[in-house]
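Peer 1: Order-wise, the sequence lines are chains Z and H.
Position one of the first sequence corresponds to residue 334 (our numbering), numbered consecutively onward.
Position one of the second sequence corresponds to residue 1384 (our numbering), numbered consecutively onward.
Some hints could be false.
One side of the interface only, derived from the structure: several residues of chain Z facing chain H at Cβ under 7 Å [to be verified]:
#	residue
1	L376
2	F378
3	F398
4	D433
5	G440
EDC-like mimics (lysine to aspartate or glutamate), calculated; alpha carbons at most 20 Å apart, straight line [claimed, not checked]:
#	chain 1	residue 1	chain 2	residue 2
6	H	K1405	Z	E374
7	H	K1405	H	D1467
8	H	K1490	Z	E373
9	H	K1454	H	D1410
10	H	K1420	Z	E374
11	H	K1490	H	E1388
12	H	K1451	H	D1410
13	H	K1420	Z	E373
14	H	K1405	H	E1439
15	H	K1425	H	E1439
16	H	K1425	Z	E401
17	H	K1420	H	D1442
18	H	K1482	Z	E351
19	Z	K377	H	D1410
20	Z	K377	H	E1422
21	H	K1451	H	E1388
22	Z	K377	H	E1385
In silico negatives: residues of chain Z with every beta carbon more than 10 Å from chain H [said to hold, decoys possible]:
#	residue
23	E351
24	G361
25	E374
26	E405
27	G418
Everything labelled a hint here was simulated from the structure, so no lab data went into it.
C-beta: ideal position from N, C-alpha, C; glycine also.
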Amino acid sequence: NAGVMQNPRHLVRRRGQEARLRCSPMKGHSHVYWYRQLPEEGLKFMVYLQKENIIDESGMPKERFSAEFPKEGPSILRIQQVVRGDSAAYFCASSPPSQDTQYFGPGTRLTVL
Amino acid sequence: GENVEQHPSTLSVQEGDSAVIKCTYSDSASNYFPWYKQELGKGPQLIIDIRSNVGEKKDQRIAVTLNKTAKHFSLHITETQPEDSAVYFCAASGRGYQKVTFGIGTKLQVIP
Chain Z
334 NAGVMQNPRH LVRRRGQEAR LRCSPMKGHS HVYWYRQLPE EGLKFMVYLQ
384 KENIIDESGM PKERFSAEFP KEGPSILRIQ QVVRGDSAAY FCASSPPSQD
434 TQYFGPGTRL TVL
Chain H
1384 GENVEQHPST LSVQEGDSAV IKCTYSDSAS NYFPWYKQEL GKGPQLIIDI
1434 RSNVGEKKDQ RIAVTLNKTA KHFSLHITET QPEDSAVYFC AASGRGYQKV
1484 TFGIGTKLQV IP
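Chain H on its own, in the form it takes in the complex:
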């Protein structure tokens, strides 16, 4: 089955700096890669996703990149703000079936 590795497990940045979270996946058939943000005591919220036919996608301060050859994808948050502090999960799922495999999560702390 699919295996998703995520790092770092914790990340502290100064407000205004950028944050980068990286993930690798094992199943070359995976073609959908969502990112979720989870605040304390809440459910995961989808923040951005990317599909295998696209190399990069951007939404305001958030961008994701995908390298299918190397089987890794990354989340980039620019101009970080204290409200970006949360746990971020990467995930991967394969074609024709919607089972999603999650990474272990990255706890991001933005220091004011």
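For reference, chain Z alone in the conformation it holds in the complex:
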């Protein structure tokens, strides 16, 4: 059973461009979570999604950030008009229905020039 997969692993964008981060959960997992990790800091919750539904987006900035988890395909975290402060590692985690254990992917390291 493959683990949580994220791509790209590294992403470089210039200020003002868009960043798209993808996450494929483990097989059988229908819950996806996105976290942001700044250098030397802990993991900050951003958004929790189930298939086609956003359950909790309380940790996501109101502007420029959006997330989706379509019926088919990976979950996508989208950052529009990136700024230098968006530079961070973004981690996706997944869990099966009715279970609270989350399994993390390897992360996408976003660098904004």
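Dock chain H against chain Z, hints included.
Peer 2: Relative to chain Z, chain H alone:
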């Protein structure tokens, strides 16, 4: 919301010694407490977890204890090895919703 505090932020031990990391949480409704290990450049990996109906859990050299009355829980690593060097995160989540709140992390260095 939940607030998780973790200490120490850095910890150096000699190989073979024990390491202890402590966390406190604020929400008495929290009932699930996982611990993650993160190596440089990698994602967090679940190493052990404990639920509120259990006071202690052990897996080889790793053990966790939970004191619900005091709202604190601890990770104990015995007979440390250089490959234990990493950042360790404690976390807490509540009943019925899987949002997890993480501590700030402890950077453990095991000196050979």
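Peer 1: Please name the hints from earlier in the document that this structure breaks, with their numbers sorted from lowest to highest.
Peer 2: Violated hints: 3, 15, 16, 18, 25; rest satisfied.
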